[in-house]
Amino acid sequence: MTAPTASGPTSSGLPENYAAELDRLDMAPLWTVLADLVPEHPRPKAVPHLWPYATAREVLLESGRLISAEKAERRVLVLENPGHRGEHRATASIYAGLQLILPGERAPEHRHTQSALRFVIESDGAYTTVEGARVDMAPFDLVLTPRWRWHAHGHDGKQPGVWLDGLDIPMISLFQGGFAERIGDNEAPARRPDVSPAMHAAGLRPAAGTAAAAHGLLHYPFASWRPALDAARAAGGVEPHDGVRLEFTDPATGGPVLPTLSAFAQLVPAGTATRAVRRTESAIIVGVEGRGMLEMSRADGSRVALAIGPRDVAVIPSWSDLSITAEAGEDLVLFSLSDRAAQSALGLYREERA
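Quick note: the sequence shown uses full-length UniProt numbering, first residue 1, plus one each step.
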């Protein structure tokens, strides 16, 4: 190869001919981008953002008039972070969307390598089946559909059913590990009751080799997890940075509910505020009870305050120092999901407390 003739510098400071030769060879100089590839601290593209549920619900119900669940396969409005416009994600690693199912509808059976959790917003008869096991969904229940499990949704009630979908789609896309299959109802797994809550409540699990062994606990009812917050509070479990914060766990392992996603329930006592904490995890927060304020930093160092109430959905970017204030008169109860499970497995998770 003949050495390129020097010419005027490019924006990278390299001679124009040399930069052109590197481009022709599909090569690039590391030293011009090293600070971006190996930053001193996280620099998330995601920005703090909140979707008020009252507004989101209007357009979600309109989607029900425009397209059927059967035609859409999953009638979902993606919650797309303004910092990731066009990328169909709430944070760099988490996909989130609001799914609507109307009375009498059934979303067909499918499975995929992406893991999913559903946090129920509205329901008076909606349900999910996982490998044939039916899970009835009530408001603020957490329901899991682990990776590569056949699952479908249906509705036997009279009012619209809505839930927040949280999936690890961006992570699976990064690894190019996405697979999916679809089948008709006549090929679907046989219907059966979900026995996982009864077994795990008794400290039991199926013996290895049984069909149920792979499914684990699928359902974390609001009626069970909400009293746990009060019990932890009564036992002195109020912490200055989080109030009362409990993690949903897989009872078979004691670890996170899914290999890539963690889930939490949180209570900030009425009229109090938490001290600031920043974590490498990116998170989606849903209001459950009470009203309050999420105050956090942006990537440029400026601060933003988001007012959150029941069913509102907010994004907390990675390494954003967060403090939460609960209005007087009622405790603030929140649900959140994050990528902490994946970060912890990779040895990346860290936090700093003020």
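Source of the hints: derived by calculation from the structure; they are not laboratory data. Quick caveat, the model's predicted, so the values are computed rather than measured. Treat the hints loosely; a few may be bogus.
Calculated cross-link-like contacts (lysine to any residue; reagent style SDA-like; alpha-carbon spacing at most 20 Å) [said to hold, decoys possible]:
#, residue 1, residue 2
1, K71, P15
2, K45, S302
3, K71, A180
Q: Quickly compare the C-alpha distance for K71 and P15 to 20 Å and report which way the hint goes.
A: At roughly 55 Å apart (the allowed maximum being 20 Å), P15 and K71 break the hint.
Q: Compare the distance between the alpha carbons of K45 and S302 with 20 Å, and conclude whether the hinted pair is satisfied.
A: With a Cα-Cα distance of about 15 Å, the restraint between K45 and S302 holds, given a limit of 20 Å.
Q: For the pair we were handed, K71 and A180, check the Cα-Cα distance against 20 Å.
A: Holds. K71 to A180 sits at ~17 Å (cutoff 20 Å).
Going down the numbered hints, you'll see the structure goes against just number 1.
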